[in-house]
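From first to last, the protein sequence lines stand for chains A and B. Per our numbering, residue 1 is the first one in the first sequence, and the count goes up by one each step. Per our numbering, residue 1 is the first one in the second sequence, and the count goes up by one each step.
Think of the hints as simulated: they come from the structure by calculation, not from any bench. Don't take each hint at face value.
So, partial list: chain B residues that the calculated Cβ filter (under 7 Å) puts toward chain A [stated by the list, open to error]:
# : residue
1 : GLY42
2 : LEU43
3 : PHE101
4 : PRO103
Every residue, glycine too, gets a C-beta built ideally from N, C-alpha and C.
Here is what each chain is made of, one letter per residue.
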Amino acid sequence: AQTVTQSQPEMSVQEAETVTLSCTYDTSESNYYLFWYKQPPSRQMILVIRQEAYKQQNATENRFSVNFQKAAKSFSLKISDSQLGDTAMYFCAFMSSRSGYALNFGKGTSLLVTP
Amino acid sequence: KAGVTQTPRYLIKTRGQQVTLSCSPISGHRSVSWYQQTPGQGLQFLFEYFSETQRNKGNFPGRFSGRQFSNSRSEMNVSTLELGDSALYLCASRVWNEQFFGPGTRLTVL
Chain A
1 AQTVTQSQPE MSVQEAETVT LSCTYDTSES NYYLFWYKQP PSRQMILVIR QEAYKQQNAT
61 ENRFSVNFQK AAKSFSLKIS DSQLGDTAMY FCAFMSSRSG YALNFGKGTS LLVTP
Chain B
1 KAGVTQTPRY LIKTRGQQVT LSCSPISGHR SVSWYQQTPG QGLQFLFEYF SETQRNKGNF
61 PGRFSGRQFS NSRSEMNVST LELGDSALYL CASRVWNEQF FGPGTRLTVL
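Chain B with its partners taken away, still in its complex shape:
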């Protein structure tokens, strides 16, 4: 089976712009979670989608949003980018208590 894929792998944006990141889970997995990784805050949970519904949400402002499509692919959107949004964004698909991570999208906000 193919693993979790994320596109794009690298992204450079400027403050105030918005960005959309994409994640395709492992075939058959219906749960997709997003995590933000920064040197200062470490790894933090953003949200989880299951069968096109947001099932769980971390402590992030409303500028961070997501959605999931009927094929389980998920997108994460960040509006009005801030310098502090520069991070590695990791996506994971979950089966029961095991999460499988993608390679991440490195977002740099200038």
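In isolation and in its complexed conformation, chain A is listed as follows:
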């Protein structure tokens, strides 16, 4: 079974600064998908960014970008120009066809953006 590890339970960043959230995973598969989800206090799970393992280019979505290192099985999320609205739990997740497209989540990182 795949495991997803987020080693930072809590992080804090000042508004307008940049922060990087770490995620590592373990799998023997070569084709899979990785995701970062955001869960604000409202509890609604929102997709932040997605990466297909077969793509070498790192995904970006506005202020959010990833550093995908397939050999190292690392998938970190960089948030640039942090905003107060970025305060939330961030979950790294793994998905593959072999797992029936079920999401396998890490334990999450609680990010606090301060003024």
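Fit chain B to the given chain A structure using the hints.
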């Protein structure tokens, strides 16, 4: 398009009772998955339904069951509730590799 909806949003039950949660996927989506979120165990996959058939199942006891109707709406049932079943239950509808989550149902078991 309307998003994924879940009802009820909050529920309080007592041990031994049973509960049914409902999820309506995004229009046109035929896949519905259920996840349990607890502080201790985090987010865990329960099961997925596609075209009224259970296609995938997580590692949960048989007290957790589900079904899907012809309009793709799904229900999840938990029988003989235990205190440890207190959780946020999230439903998601899926298209290919993207899952869209509902707001969740907060279940409290007393």
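Results of checking the hints against the structure:
{"no.": "1", "hint": "GLY42", "result": "holds (5 Å)"}
{"no.": "2", "hint": "LEU43", "result": "holds (4 Å)"}
{"no.": "3", "hint": "PHE101", "result": "holds (4 Å)"}
{"no.": "4", "hint": "PRO103", "result": "holds (5 Å)"}
Checked against the numbered hints above, the structure breaks none of them.
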